[in-house]
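A.B. asks: Residues per chain are reported as follows:
There are 2 protein chains.
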Amino acid sequence: MIYFDNAASTVIVPEVIDVMNECHAGLYGNPSAIHTSGRKARVVIEQSRRSIASLLHASPSEVIFTSGGTEANNAVLWSCCKDLHKKDFISSRLEHPSVIRTLEALVKYFDIRVHYVQHDPIGHICLDHLEELLQGIPGTVVSLMHANNEVGNLLPVKDVSGLCKKYGALFHSDTVQTIGKYDIDMSKLSFDFAVGSAHKFHGPKGAGFLYVRNGIPFEPFITGGGQERNMRAGTENISGIAGMAKALELAVESMEENRLYIEGLKVFLIASLKEAIPDIRFNGDAEQHSLYSIINILLPERADHDMLVPRFDMAGICLSSGSACSSGSSVGSHVLKALGRAPEDPSVRVSLSRFNTVEEVKRLVEVIKSMCG
Amino acid sequence: MIYFDNAASTVIVPEVIDVMNECHAGLYGNPSAIHTSGRKARVVIEQSRRSIASLLHASPSEVIFTSGGTEANNAVLWSCCKDLHKKDFISSRLEHPSVIRTLEALVKYFDIRVHYVQHDPIGHICLDHLEELLQGIPGTVVSLMHANNEVGNLLPVKDVSGLCKKYGALFHSDTVQTIGKYDIDMSKLSFDFAVGSAHKFHGPKGAGFLYVRNGIPFEPFITGGGQERNMRAGTENISGIAGMAKALELAVESMEENRLYIEGLKVFLIASLKEAIPDIRFNGDAEQHSLYSIINILLPERADHDMLVPRFDMAGICLSSGSACSSGSSVGSHVLKALGRAPEDPSVRVSLSRFNTVEEVKRLVEVIKSMCG
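Going line by line, the protein sequences match chains A and B. Using the numbering used here, the first residue of the first sequence is number 575, and each one after it goes up by one. Using the numbering used here, the first residue of the second sequence is number 575, and each one after it goes up by one.
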């Protein structure tokens with residue numbers, strides 16, 4: 575089985591499982607309890623927080639543990655509505671469902687408006703239109719993802735955060751796909767809110783975090799306990815948190831090495847595909863401002879789109895046609911639709927990790943070639 | 575180290591850790607993905623759901639996985655406000671913070687009223703007052719916990735659910751302390767919403783579930799993905815879910831045996847304390863309608879309340895003075911306050927599990943006796 579669906583979820587590395595098992599074996603006390611067993615658990619949580627904060631060049635008080643990226647995105651958008659009383663949100667049609675669907679839900683409950691910034695044909699945000707929107711609407715929240723989870727396009731974060739600062743907007747970015755893949759320096763990049771999910775960087779499912787810049791009067795989404803300094807109630811998932819910290823440490827430690835390796839696979843995949851199938855195309859900006867681990871391939875029309883993912887699966891290759899979070903739906907990818915693709919266009923997302931090999935990429939090219947035969 | 579804080583959190587049993595490790599080793603696909611790796615993960619989630627539903631005599635479609643009990647309680651109360659448009663809630667001053675604090679938060683955002691049902695001096699809900707409230711206010715939501723997490727008092731669930739049915743109220747019960755300890759039969763007990771948390775029954779932290787009776791138009795709290803049949807967005811914590819199902823299977827399998835054993839320890843503890851310290855008292859209803867694993871002890875006044883939990887800790891005994899979820903606060907227990915205790919009264923909660931022994935109970939009695947010397 576060849577696994578090319580790393581943007582959906584990744585294999586947990588053994589070092590992370592070891593850390594989780596240490597927690598399971600020894601840390602059963604409730605971290606809010608003041609006895610020895612509770613304090614031992616508390617220490618691990620705070621060490622994990624300090625480690626993650628340090629890797630992001632943030633302060634530990636800026637890191638709030640959650641059950642994952644989706645909860646963290648929900649928490650940001652709900653708090654902006656209910657506590658910061660924001661009335662206008664600027665987002666795009668290319669965001670993850672946890673942002674798009676949540677904004678759609680919030681419109682039902684609060685007197686808010688969502689403004690969608692235009693994007694160019696390959697899915698890059700139009701900065702001129704963003705500035706126009708920001709100029710016209712004071713005090714907005716901008717929610718734009720760092721790397722698109724379906725096509726990989728990278729947001730020009732410095733430009734966007736500069737515009738947000740200039741016009742007094744808060745900047746929320748779903749950074750789920752880029753945490754652990756780039757050097758995210760919170761002291762330099764002006765995110766007000768950012769989001770991480772452990773299972774995207776070889777950590778466990780069910781653990782994530784929310785970065786909230788110090789000074790923002792964020793209020794909790796889940797209430798009813800003093801955990802996370804009153805910012806997220808509920809007994810902490812200690813093994814998940816410690817596993818996530820370990821996974822991020824490992825990812826950052828070998829980040830440059832991983833980047834070069836995965837980027838190499840991506841370049842090789844694109845070149846091999848172009849050679850094997852001259853009329854192959856790519857969705858989004860595959861070759862320039864793009865996350866090095868994602869390639870969204872548009873097969874020629876002669877490659878039947880019907881049962882495309884299952885056919886790859888039968889050939890022993892796991893990949894996806896869009897985001898896992900929306901793959902239950904039958905309407906096709908909202909991202910590819912926004913980029914002008916029809917549901918019947920044969921598109922597949924290949925997302926790589928450091929555990930993929932050149933041999934696997936060669937096999938993928940063979941399989942794709944046979945489908946276009 | 576003697577661990578008497580099982581109402582706060584419990585040790586994970588090895589069989590559960592094994593199940594979690596099987597998931598970590600083999601199930602890294604995103605359960606929403608349609609390829610083999612995703613479908614393998616999906617199967618484990620749905621098997622876990624069927625197992626938990628069956629143990630509760632519920633339908634699988636009534637079980638929604640969450641990150642824990644606190645999220646589940648939040649989800650119920652938020653949905654009742656924002657989607658079911660409920661205006662009146664009946665609850666008590668003795669509820670868990672995830673209910674009390676969340677209701678207090680909801681009052682800020684919605685035009686709702688919270689009515690507190692009276693309780694008697696030992697903390698039992700006054701059914702007459704509940705009926706009076708229900709009579710006066712049509713279409714309410716009643717939120718009363720099954721067993722109080724601090725003093726152990728049990729709610730007469732059949733009486734309360736009968737009243738809720740009679741007056742057309744929805745019945746939400748925080749059942750976190752009783753799931754796995756009693757035969758909770760959803761087909762007979764008329765809960766509309768109930769809640770479970772794995773780490774209360776020797777499962778992992780970070781996994782819980784929400785029971786929603788079929789037919790109630792519940793809407794999700796966390797949005798942005800089709801997971802949990804659109805009822806809870808976010809990639810599922812597979813190992814936590816599978817571990818929770820295993821833990822509940824084990825708990826239910828030996829429920830009667832565990833109950834007899836733990837109840838025996840409780841009876842022995844109470845008798846030994848009464849013999850050793852004739853003026854010992856108990857908070858709540860320690861000996862009759864009470865959860866068999868919780869005893870809240872009121873030491874005589876001569877036992878200095880100052881640093882009480884740390885002094886037990888130094889004697890090698892982990893216990894707590896109230897709920898872990900509020901132990902960060904300096905205001906003392908809201909439950910004991912509602913029962914007329916002053917913050918300086920020397921009270922401690924002892925909460926037992928099947929892993930405690932008679933020897934440990936004897937040691938506890940010795941330590942308490944020395945404090946009352």
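These aren't lab readings, by the way, just hints derived from the structure by calculation. Predicted model, so just to flag it, every value in this text is computed and none were measured. A few of these clues could be false.
The list treats identical chains as interchangeable, and a pair is accepted whether it falls inside one copy or across any two copies.
Calculated pairs, SDA-like style, for lysine to any residue (alpha carbon to alpha carbon, straight line, at most 25 Å) [what the hints assert, rightly or not]: (1) 936 - 608; (2) 943 - 845; (3) 732 - 744; (4) 682 - 792; (5) 740 - 928; (6) 936 - 737; (7) 660 - 920.
A.B. asks: For each hint, tell me whether it holds in the structure or not.
C.D. replies: Hint check:
When the C-alpha separation of residue 936 and residue 608 is checked against a cutoff of 25 Å, the pair qualifies only between copies, where the shortest distance is 23 Å, while the shortest distance within a copy is 56 Å. For the homomeric pair residue 943 and residue 845, the shortest alpha-carbon distance inside one copy (13 Å) is at most 25 Å, but the shortest distance between copies (79 Å) is not. With identical chains, the CA atoms of residue 732 and residue 744 are at most 25 Å apart within one copy only, with a shortest distance of 14 Å there and 50 Å across copies. In the homo-oligomer, the alpha carbons of residue 682 and residue 792 lie at most 25 Å apart both inside one protomer (21 Å) and across protomers (15 Å), since each shortest distance falls under that limit.
In the homo-oligomer, the alpha carbons of residue 740 and residue 928 never lie at most 25 Å apart, since the shortest distance is 39 Å inside one protomer and 61 Å across protomers. Taking the closest pair of Cα atoms, residue 936 and residue 737 never come within 25 Å of each other, the shortest separation being 43 Å inside a single copy and 68 Å across copies. Proximity of residue 660 and residue 920 under a CA criterion of 25 Å is satisfied in neither setting, with 40 Å inside one chain copy and 47 Å between copies.
In summary, the structure is inconsistent with hints 5, 6, 7 from the numbered list given earlier, while agreeing with the others.
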